[in-house]
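Student: Heads up: the protein sequence lines correspond to chains S and U, in order. The letter at position 161 of the first sequence is residue 160 when you use numbering that gives the first Met the number 0, and the numbering goes up by one with no holes. The letter at position 12 of the second sequence is residue 11 when you use numbering that gives the first Met the number 0, and the numbering goes up by one with no holes.
No lab work stands behind these hints: they were computed from the structure. Beta carbons are placed, not taken as given, at the ideal position from N, Cα and C, and that holds for glycine. Treat the hints loosely; a few may be bogus.
Selected chain U positions facing chain S (in silico; Cβ < 10 Å) [as the list claims (entries may be wrong)]: (1) Ile3; (2) Asp6; (3) Ala86; (4) Leu93; (5) Trp195.
30 Å max Cα-Cα, derived DSS-like pairs, lysine-lysine [what the hints assert, rightly or not]: (6) S/Lys112 to U/Lys5; (7) S/Lys133 to S/Lys112; (8) U/Lys5 to S/Lys222.
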Amino acid sequence: MGNAIEAEGLHKRYGEHQALRGVDLAVPAGSLLGVLGPNGAGKTTTVRVLTTLLEADSGRAVVAGHDVRTHPREVRRRIGLTGQYAALDELLTGRENLHLVGRLHRMGTGAAKAAAGDLLDRLDLGDAADRPVKTYSGGMRRRLDLAACLIAGPEVLFLDEPTTGLDLTSRLTLWDMIRDQLAQGVTVLMTTQYLEEADQLADRISVIDGGRVIAEGTPDELKGKVGGERLEVTVADPADVPEAVRALRAAAAAEPSVGQDGRTVGAPLSRGMESVSEAAAALHTAGVRPVEFAVRRPSLDDVFLALTGGSTREGGEPTP
Amino acid sequence: MTEILKDVPVLFGRHMKHLVRIPEKLLGVTVMPVAYVVVFGILFGSAITVPGSDYREYLMAGIFTQMMLTNLGNTAQGVAGDLRNGAVDRFRSLPMSRSAVLLARTLSDLTLAVIACATMAVVGHLIGWRTHEGLLPALGAFGILLLLGWTMSWIGALVGLSVRSPEAVNSIAFIIVMPLTFLSNAFIPLDGLPGWLRAVCEWNPISAVVAACRELFGNTAAVGEGAFPVQHPVAVSLLLNLAILAVVVPLAVRAYRRATSR
Numbered sequence: 000m001g002n003a004i005e006a007e008g009l010h011k012r013y014g015e016h017q018a019l020r021g022v023d024l025a026v027p028a029g030s031l032l033g034v035l036g037p038n039g040a041g042k043t044t045t046v047r048v049l050t051t052l053l054e055a056d057s058g059r060a061v062v063a064g065h066d067v068r069t070h071p072r073e074v075r076r077r078i079g080l081t082g083q084y085a086a087l088d089e090l091l092t093g094r095e096n097l098h099l100v101g102r103l104h105r106m107g108t109g110a111a112k113a114a115a116g117d118l119l120d121r122l123d124l125g126d127a128a129d130r131p132v133k134t135y136s137g138g139m140r141r142r143l144d145l146a147a148c149l150i151a152g153p154e155v156l157f158l159d160e161p162t163t164g165l166d167l168t169s170r171l172t173l174w175d176m177i178r179d180q181l182a183q184g185v186t187v188l189m190t191t192q193y194l195e196e197a198d199q200l201a202d203r204i205s206v207i208d209g210g211r212v213i214a215e216g217t218p219d220e221l222k223g224k225v226g227g228e229r230l231e232v233t234v235a236d237p238a239d240v241p242e243a244v245r246a247l248r249a250a251a252a253a254e255p256s257v258g259q260d261g262r263t264v265g266a267p268l269s270r271g272m273e274s275v276s277e278a279a280a281a282l283h284t285a286g287v288r289p290v291e292f293a294v295r296r297p298s299l300d301d302v303f304l305a306l307t308g309g310s311t312r313e314g315g316e317p318t319p
Numbered sequence: 000m001t002e003i004l005k006d007v008p009v010l011f012g013r014h015m016k017h018l019v020r021i022p023e024k025l026l027g028v029t030v031m032p033v034a035y036v037v038v039f040g041i042l043f044g045s046a047i048t049v050p051g052s053d054y055r056e057y058l059m060a061g062i063f064t065q066m067m068l069t070n071l072g073n074t075a076q077g078v079a080g081d082l083r084n085g086a087v088d089r090f091r092s093l094p095m096s097r098s099a100v101l102l103a104r105t106l107s108d109l110t111l112a113v114i115a116c117a118t119m120a121v122v123g124h125l126i127g128w129r130t131h132e133g134l135l136p137a138l139g140a141f142g143i144l145l146l147l148g149w150t151m152s153w154i155g156a157l158v159g160l161s162v163r164s165p166e167a168v169n170s171i172a173f174i175i176v177m178p179l180t181f182l183s184n185a186f187i188p189l190d191g192l193p194g195w196l197r198a199v200c201e202w203n204p205i206s207a208v209v210a211a212c213r214e215l216f217g218n219t220a221a222v223g224e225g226a227f228p229v230q231h232p233v234a235v236s237l238l239l240n241l242a243i244l245a246v247v248v249p250l251a252v253r254a255y256r257r258a259t260s261r
């Protein structure tokens, strides 16, 4: 199996704003690529180019075996897209929305009806199927939107921030649907602001910032780039902190640092478990009684902050 | 081509469901026309006299035409709404015909215009409007009116795709439709206007449509002298509408291809 999505050197300029400055992506068939990046990094523009909604100024993209520029119709036959905002007809019922999209995919009436009924049940929308979409909650709309892009059985799915603003239950339902699609061999490109989401679902991750890919790899590889494991020790009394710092210094690979709460001391570990036992012994000898003693691996949040220089926080979107 | 034939009925069905589910929309093509006929026909028709003709009969062609012009705003609003809520993105990511979306939209709004025309004809009849040239010419007049309505829809589609904001669309539509309506012979004979204003009004395409309807309905005051369009209103209104369509349809389809929400 080759790549279901391939992009090389995509450039796109809107007036003065250079949205894409040479985006390269390669997504092996049947895998999920998570595209991470702060607001305005170029994630949505990339998705729009790959889904034929927007023509790039230069560069080449092949999706499901067809060039998006020269054979957009062939690409559209094989993809499903959910945008950041659920593109549904408020006045139609959930069932009618799916039927409409199915018919426009040139499915027969019977096939479209059957597929719509099946998807509505699988996405827990069976009870609401015949209510107008304007009565749906945000989570229901997102699920219906996903159903709309699945109805014709696409080979490649593009999910642009599919879970932004969703509650946990709806998010988990969507994750299940996405895993289900992967199990059936569908290729998925998903943009997200939620690092946890990428960590959970993605086979590989591309981090986009300023219109280009600044890092690429498996979630573990990316975490490895920011460094190894850290020991974090929290004491009950801030007065014990200097003592704890002194105790950890011997075991740590670098000078321990004190967290913002004034009670947590963290330090990178140089020799894994050996360092951990040394640190525990040193704390015991010094008479420091930690309330928490934990070994942490770097989260994708750390990766993200390290790579993008903290610009993720400007968006104001809290990570879950 | 066969793709359009498959997609248009599907999308047309969508718009007809909308019509049933937005009561305001249905009111717009039933109550509004009735109000137009009653307000303009009875109020103005009782107050003003036109030499050689019954003003109430004279007004009907103007009222029909004014109603067709509202199609511009209807279509612009619908297209801008589809852009806003992401429907255009969805349609553009589907393997469907590119012209089908606008064609289905303008044909749906044309259907509204048919309902409005029928309503107005019935109410007009009740307040005393009659045609005097027979059935076929009268049907021909309705054909010209609906052609105008369809042309206005396509202009509306172009406006909606260019302006993009459903809120702004209404004012833009008003700015276009208002002078077209009132700088015409829709409600007044042009004979008494100062020369330059009369020329503007006579060459307004709307005047040709109104004059053509009056001629085909037999609701006309004796044709005096006037500019070419007033002398040959049927031919001129047909040609003008087709010429406008020939320009606007490709522009609207091109705008749709390039349109992106947000």
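Student: Does each hint fit the structure? Answer for all of them.
Tutor: Each hint, compared with the structure:
With its C-beta approaching chain S no nearer than about 12 Å, U/Ile3 sits outside the 10 Å limit, and its interface hint is violated. Checking U/Asp6 against chain S by beta carbon gives a least distance of about 6 Å; that is within 10 Å, so the hint holds. Taken as an interface hint, U/Ala86 checks out: its beta carbon lies about 6 Å from the nearest beta carbon of chain S, inside 10 Å. For U/Leu93, the interface hint holds, the least distance from its beta-carbon to any beta-carbon of chain S being 5 Å, beneath 10 Å.
Evaluation of the U/Trp195 hint against chain S yields a violated restraint, the C-beta minimum of about 42 Å exceeding 10 Å. For the proposed pair S/Lys112 and U/Lys5, the alpha carbon gap of about 17 Å is at most 30 Å, so the pair holds. A distance of roughly 21 Å separates the Cα atoms of S/Lys133 and S/Lys112; the hinted pair therefore holds under the 30 Å criterion. In summary, the hint linking U/Lys5 to S/Lys222 is not supported, as the alpha carbons are separated by about 51 Å, beyond the 30 Å threshold.
Of the numbered hints stated above, those contradicted by the structure are hints 1, 5 and 8, listed in ascending order.
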